[in-house]
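I would like the entire structure built from these sequences, with the hints used as guidance.
Those protein sequences? They're chains Z, W, X and P, same order as listed. Just so it is clear: in the first sequence, position 325 is 937 by my numbering, and no numbers are missing. Just so it is clear: in the second sequence, position 159 is 771 by my numbering, and no numbers are missing. Just so it is clear: in the third sequence, position 79 is 691 by my numbering, and no numbers are missing. Just so it is clear: in the fourth sequence, position 361 is 973 by my numbering, and no numbers are missing.
Don't read these hints as lab results, they were simulated from the structure. Hints may be right or wrong, so weigh each one.
Note that the list lumps identical chains together, so a pair holds whenever it fits in one copy or between two copies.
[To be verified] In the PhoX-like style, the derived pairs of lysine-lysine whose C-alpha atoms are separated by at most 25 angstroms in a straight line are: (1) Lys616 with Lys638; (2) Lys930 with Lys877; (3) Lys616 with Lys930; (4) Lys824 with Lys834; (5) Lys638 with Lys930; (6) Lys668 with Lys638; (7) Lys877 with Lys763; (8) Lys756 with Lys930; (9) Lys834 with Lys877.
Number of protein chains: 4
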Amino acid sequence: MTRKDVRVAVIGTGFMGRAHTNAYRKVGNFFELGHRPVLQAVCARSPGAAEAFAQKWGFASHETDWRRVIERDDIDAVDICTPNDTHREIALAAAAAGKIILCEKPLARTAAEGAEMVAAVEAAGVPNTVWYNYRRVPAVTLAKQLIDEGKLGRIYHYRAQFLQDWTISEDLPQGGAGLWRLDVGAAGSGVTGDLLAHCIDTAIWLNGGVSKVSAMTETFVKERHHNLTGKVEPVGIDDACAFLCRFDNGSLGTFESTRYARGHKALYTFEINGEHASIAWDLHDLHRLSYFDHRDESRTRGWRSIHVTDGDMPYMDKWWVPGLQIGYEHSFVHQVADFFDGLSRGEAVGPTFRDAQITQQVCEAVLASGRDGTWHDVAKD
Amino acid sequence: MTRKDVRVAVIGTGFMGRAHTNAYRKVGNFFELGHRPVLQAVCARSPGAAEAFAQKWGFASHETDWRRVIERDDIDAVDICTPNDTHREIALAAAAAGKIILCEKPLARTAAEGAEMVAAVEAAGVPNTVWYNYRRVPAVTLAKQLIDEGKLGRIYHYRAQFLQDWTISEDLPQGGAGLWRLDVGAAGSGVTGDLLAHCIDTAIWLNGGVSKVSAMTETFVKERHHNLTGKVEPVGIDDACAFLCRFDNGSLGTFESTRYARGHKALYTFEINGEHASIAWDLHDLHRLSYFDHRDESRTRGWRSIHVTDGDMPYMDKWWVPGLQIGYEHSFVHQVADFFDGLSRGEAVGPTFRDAQITQQVCEAVLASGRDGTWHDVAKD
Amino acid sequence: MTRKDVRVAVIGTGFMGRAHTNAYRKVGNFFELGHRPVLQAVCARSPGAAEAFAQKWGFASHETDWRRVIERDDIDAVDICTPNDTHREIALAAAAAGKIILCEKPLARTAAEGAEMVAAVEAAGVPNTVWYNYRRVPAVTLAKQLIDEGKLGRIYHYRAQFLQDWTISEDLPQGGAGLWRLDVGAAGSGVTGDLLAHCIDTAIWLNGGVSKVSAMTETFVKERHHNLTGKVEPVGIDDACAFLCRFDNGSLGTFESTRYARGHKALYTFEINGEHASIAWDLHDLHRLSYFDHRDESRTRGWRSIHVTDGDMPYMDKWWVPGLQIGYEHSFVHQVADFFDGLSRGEAVGPTFRDAQITQQVCEAVLASGRDGTWHDVAKD
Amino acid sequence: MTRKDVRVAVIGTGFMGRAHTNAYRKVGNFFELGHRPVLQAVCARSPGAAEAFAQKWGFASHETDWRRVIERDDIDAVDICTPNDTHREIALAAAAAGKIILCEKPLARTAAEGAEMVAAVEAAGVPNTVWYNYRRVPAVTLAKQLIDEGKLGRIYHYRAQFLQDWTISEDLPQGGAGLWRLDVGAAGSGVTGDLLAHCIDTAIWLNGGVSKVSAMTETFVKERHHNLTGKVEPVGIDDACAFLCRFDNGSLGTFESTRYARGHKALYTFEINGEHASIAWDLHDLHRLSYFDHRDESRTRGWRSIHVTDGDMPYMDKWWVPGLQIGYEHSFVHQVADFFDGLSRGEAVGPTFRDAQITQQVCEAVLASGRDGTWHDVAKD
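Encoded structure:
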């Protein structure tokens with residue numbers, strides 16, 4: 613196999629910049645790939661931060677202006693790890709320059725922005741993906757396999773939660789580094805775009821499209837100091853959001869997210885109830901899948917706690933030995949592996965921008981329903 | 613202490629007739645009561661069933677017509693354990709006859725029926741209660757104590773589920789003994805009145821009133837053989853119901869119930885997230901309470917699994933020793949103990965008919981919202 | 613079916629007197645029995661206690677001298693619920709008088725005492741049983757069924773623990789009511805006879821005989837105030853005991869018990885590892901059985917948590933409905949049901965005195981090994 | 613800070629070769645180190661394997677003879693990742709050559725071998741460590757902190773298990789790549805050196821020295837095909853081993869390991885019971901620590917499940933954000949970080965060869981006791 617180097621530029625050196633870079637650096641040690649990522653450039657607004665990051669992670673170069681990155685001929689792929697309000701502009705420029713694009717989720721702040729981005733990458737014909745990484749936690753991928761094999765039968769219920777507790781203090785400011793998620797201008801929305809978007813992406817992947825939604829949103833802390841303006845400003849994001857929905861396959865969905873649930877740091881959970889079997893998973897114990905099969909003999913029937921570490925589990929033949937778990941960061945490695953393998957095969961690998969736009973449309977309907985209290989059909993562009 | 617005998621007549625010998633009778637028979641062995649229940653009469657439509665039940669449980673007499681029970685002078689209290697469509701008529705007659713009334717939940721099929729019943733018992737001035745027994749599971753009572761002591765602080769979220777899986781088969785008929793819960797004429801509604809009513813009663817007790825709701829209901833199996841008509845008939849009940857709500861205290865609620873969740877037999881769960889602490893409980897492990905206190909030292913902070921068996925736990929000084937759990941049936945014993953103690957003290961003990969009518973009003977709003985898809989204010993009579 | 617009344621006298625009104633009496637009183641409400649217990653007499657040394665207990669539980673009479681009980685012609689069965697140092701004497705007298713005997717565990721303080729008791733009941737030909745009640749927790753009975761059906765295949769490992777934490781304080785006295793378990797004269801031994809005896813009884817029932825043992829015992833608190841002598845006295849019991857053993861079937865056993873394990877109140881656990889499957893159970897969640905079957909398809913293989921409440925589970929058709937758990941006290945009801953059913957069938961129902969003596973012999977070997985530090989063969993009388 | 617490169621040669625490219633190499637490659641991305649590992653050479657007997665490994669992981673060179681590695685002047689540190697029967701010879705040579713030595717556990721096949729190795733590194737004055745990596749799982753390190761702070765008080769009990777199920781099939785051969793652990797010549801012992809050694813290392817670290825032991829060992833499958841001789845040969849290792857022990861601090865220990873426990877792949881568990889608090893952990897959910905504090909208010913007292921992901925947990929400020937777990941491989945990264953930090957500070961960092969030799973002495977006593985059935989004092993060299 614001849615390997616082809618794909619020179620990657622990572623834009624943004626925050627939490628996601630680190631998570632993605634770690635994945636690029638590590639993927640080749642564990643996966644055999646035809647196309648392999650090369651850490652060509654990293655971009656941060658602060659020259660010092662860019663240089664330090666480049667040195668720590670082994671990037672060949674660093675930049676302070678993302679436009680400069682896109683101009684460079686020695687960059688094949690652009691990874692957008694910056695706040696949501698920059699996704700559209702960078703993606704449009706990168707597509708115009710013919711770059712491969714990997715964009716952190718959510719795709720955009722709004723469905724309108726997302727639509728432009730989908731149009732741009734599809735017009736340019738560039739490979740693209742959005743980092744809904746939880747699809748590639750092995751236990752979640754296993755859930756997908758079991759569903760696709762028909763083990764659950766007709767689906768009746770899908771429920772998901774993403775619970776955090778980090779914004780309960782009224783003293784927490786909004787805006788700026790690390791806190792842009794509280795600033796509606798930068799983030800577009802609160803828990804809906806940040807957390808429920810993950811739940812929706814997984815749900816659509818596992819259970820198909822969402823047809824209509826009815827939501828309730830709340831902002832518990834109405835005003836916070838804004839780090840960028842220096843003043844107390846209204847909080848524009850949703851602190852909490854719950855919605856009911858109907859899927860295209862006739863099943864019922866309930867979704868909830870909040871940053872005001874004491875005791876939960878990043879508790880993404882889902883459960884799916886089918887005619888024959890049910891599945892449940894949560895992010896706090898991401899290496900396990902719970903499975904209940906009603907066709908088991910009645911006296912030994914029970915929820916099975918599957919420790920997803922054996923070699924026949926998705927991705928797990930690449931790692932250690934049975935019983936030894938992997939963690940959060942590996943989901944990114946898997947996404948890199950699959951995406952680059954898709955490049956070798958010349959095939960799109962989900963979630964593409966188009967896939968992510970479907971999630972965006974659900975978020976849009978949820979937020980609209982949260983505002984007006986009525987059921988909203990989900991737009992299907 | 614002089615004991616006063618309260619001569620009880622149990623109407624209905626189904627599952628609830630057994631559960632209540634067991635409680636009456638057992639309460640005096642474990643609780644010191646000023647008023648004590650005497651098993652005076654049991655009533656079932658079939659003479660053989662009535663006699664057999666009387667003999668098995670030690671009732672002094674048996675009847676086949678509930679009207680006859682109410683006419684009897686030697687009956688002080690009437691316990692209504694019959695299907696929902698009979699609650700109103702029996703309760704009205706019993707109130708008119710000046711009997712103490714204990715009524716199985718839900719209070720009635722509709723809020724209109726419930727309103728008549730509340731008016732009747734209050735006009736008659738008779739002690740009354742509705743068997744929302746889960747309040748008196750020790751772990752749930754402990755939750756109430758912790759909340760009332762302010763341990764949770766401001767409440768942000770309340771969520772509850774009641775999940776079952778016993779009606780998935782399309783071959784299951786509706787109507788008649790054991791299956792009247794599927795017959796809308798007998799039951800009034802499906803999971804809303806049968807299961808969510810429990811969740812709502814507990815929620816109001818723990819978290820205060822519900823102001824508005826938005827619901828989604830579904831009947832997955834549209835037609836079933838009807839045991840009473842002998843024909844395939846439309847199914848009028850809700851097989852599943854989920855709703856969003858806002859509580860009077862500003863917290864957000866999410867509720868869901870279904871009989872189509874594989875792997876769950878009677879999984880009633882609730883979780884409450886407050887500013888300082890959170891609480892969670894479920895019926896499948898009813899002797900445990902989960903508690904998270906954010907004020908714990910950070911390095912040893914975690915969800916605590918409290919095994920509610922020690923003598924300083926609610927009701928538990930009456931039973932065995934630490935580590936030895938009680939079960940489902942004991943919640944009824946506790947309700948009998950508290951209600952009869954209330955008789956001795958001359959005080960009403962909740963849930964009264966009036967308390968249960970508040971739950972009925974929430975159910976009414978939920979079902980209406982399920983039909984028209986809009987938010988409904990909860991009537992506060 | 614003609615019912616035959618069996619007039620029972622309960623000797624001892626402590627914790628076990630209550631637990632057994634509750635079982636006698638309740639069994640007929642849930643089980644159809646040919647022989648049924650009648651609460652004929654209760655015996656306590658204090659006349660007040662005896663009378664109060666009789667009144668509370670509905671005994672026809674009360675006594676203060678157990679010898680008087682045995683003399684009475686209207687007593688068919690004697691239930692020994694007194695401290696261990698009285699078992700032998702009462703049992704011998706009761707056997708001589710031809711009474712049915714139910715004896716609280718352990719059978720005796722020593723194997724020598726036990727041997728006399730076995731000889732006595734067998735010579736007298738009276739039905740007899742010892743209250744190793746945990747065999748009849750439905751989850752444990754289910755384990756027995758699964759093993760007997762061969763689901764586990766060859767057994768490699770058996771491990772059991774019984775962990776408590778109630779004697780850690782040095783201020784706790786020994787001796788007298790409620791504390792006789794700390795007094796070696798009354799109890800015979802500490803955790804070995806009190807707790808490990810339970811583990812051993814279950815183990816022999818599930819996994820067959822024990823051939824040899826090697827033990828370690830410890831008394832952490834060497835002296836305690838003695839309530840009977842009024843002085844600080846040496847503590848003669850074992851506070852903790854762990855032992856290794858080999859079963860007759862070639863499997864290895866590890867057993868441990870202590871009253872110095874913070875966080876555990878009555879945590880009896882066992883786990884059995886077989887060639888094909890494994891089973892685990894614990895008393896703190898007694899209504900669940902954990903089961904792992906290696907023959908399950910590899911990707912969905914995991915420990916199953918079986919909620920033992922369905923009607924096809926052992927004993928559970930007699931109680932409530934799926935999902936609603938029973939508790940500790942029900943194990944006694946089941947033992948009464950089975951023992952009295954054995955009377956109707958004219959068959960011995962284990963654990964008999966002879967069965968309990970096998971456990972006694974293991975305890976004897978364990979204590980001897982704890983003293984001299986060598987492996988001891990278990991005597992097989 | 614001036615960084616000093618430490619040129620590492622990894623000898624052995626099996627499972628541990630990969631795990632260690634991953635740690636060297638990754639540590640600098642997450643930890644700030646004064647001394648940093650450089651992947652200078654890798655050694656495997658097969659030239660093709662050595663080259664492929666070097667290429668995949670980015671080693672500067674590769675070798676096929678470990679002696680050649682030690683001769684090279686451009687190697688500062690040697691990491692021994694080969695089977696146990698080679699540890700002594702390589703370590704002695706590396707010490708003689710003045711190399712820093714990192715040796716996979718167990719230190720050696722026997723205490724005699726280990727003693728030579730300790731003498732060699734101490735005579736040479738070279739920094740040294742043994743890869744008992746579980747000390748550096750954050751939850752285990754947290755346990756150490758809590759114990760050292762005195763939170764548990766006097767310790768009564770320590771128990772540990774390491775349960776696997778991968779050698780149950782009689783068809784599994786012994787010897788050669790991947791199966792040398794079944795070959796007593798290569799491994800020295802079975803579960804004792806492979807698995808219990810981990811348990812003992814942690815135990816000594818957390819609870820101090822072991823004074824005496826009494827063990828039971830078993831080889832369930834007596835003969836297996838040997839891959840090196842091509843014949844069916846007796847199995848010389850222990851398939852299972854359980855032992856009782858006494859610690860220097862007066863606490864009692866129970867340890868068990870087996871490869872015949874269906875349902876457990878790598879279930880290393882420990883639990884420690886102290887006067888005030890208890891701690892429990894297991895490897896299958898390595899990111900959690902269970903903690904029970906008896907000093908908690910009684911009504912909210914329970915086992916706490918601590919999700920060890922917050923930034924104030926050991927090592928966790930280096931990784932992601934609260935709620936996002938790390939996995940098995942990170943324990944090696946932490947050991948590299950600590951060991952190299954020790955180089956910068958000029959201080960030994962445990963477990964050193966001397967620390968590992970203490971574990972070796974316990975293993976030696978355990979195996980001897982397993983042979984003769986008596987209690988053995990643990991040698992303290």
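Provide an ascending list of the numbers of those earlier hints which the structure does not satisfy.
Per hint list: zero violations.
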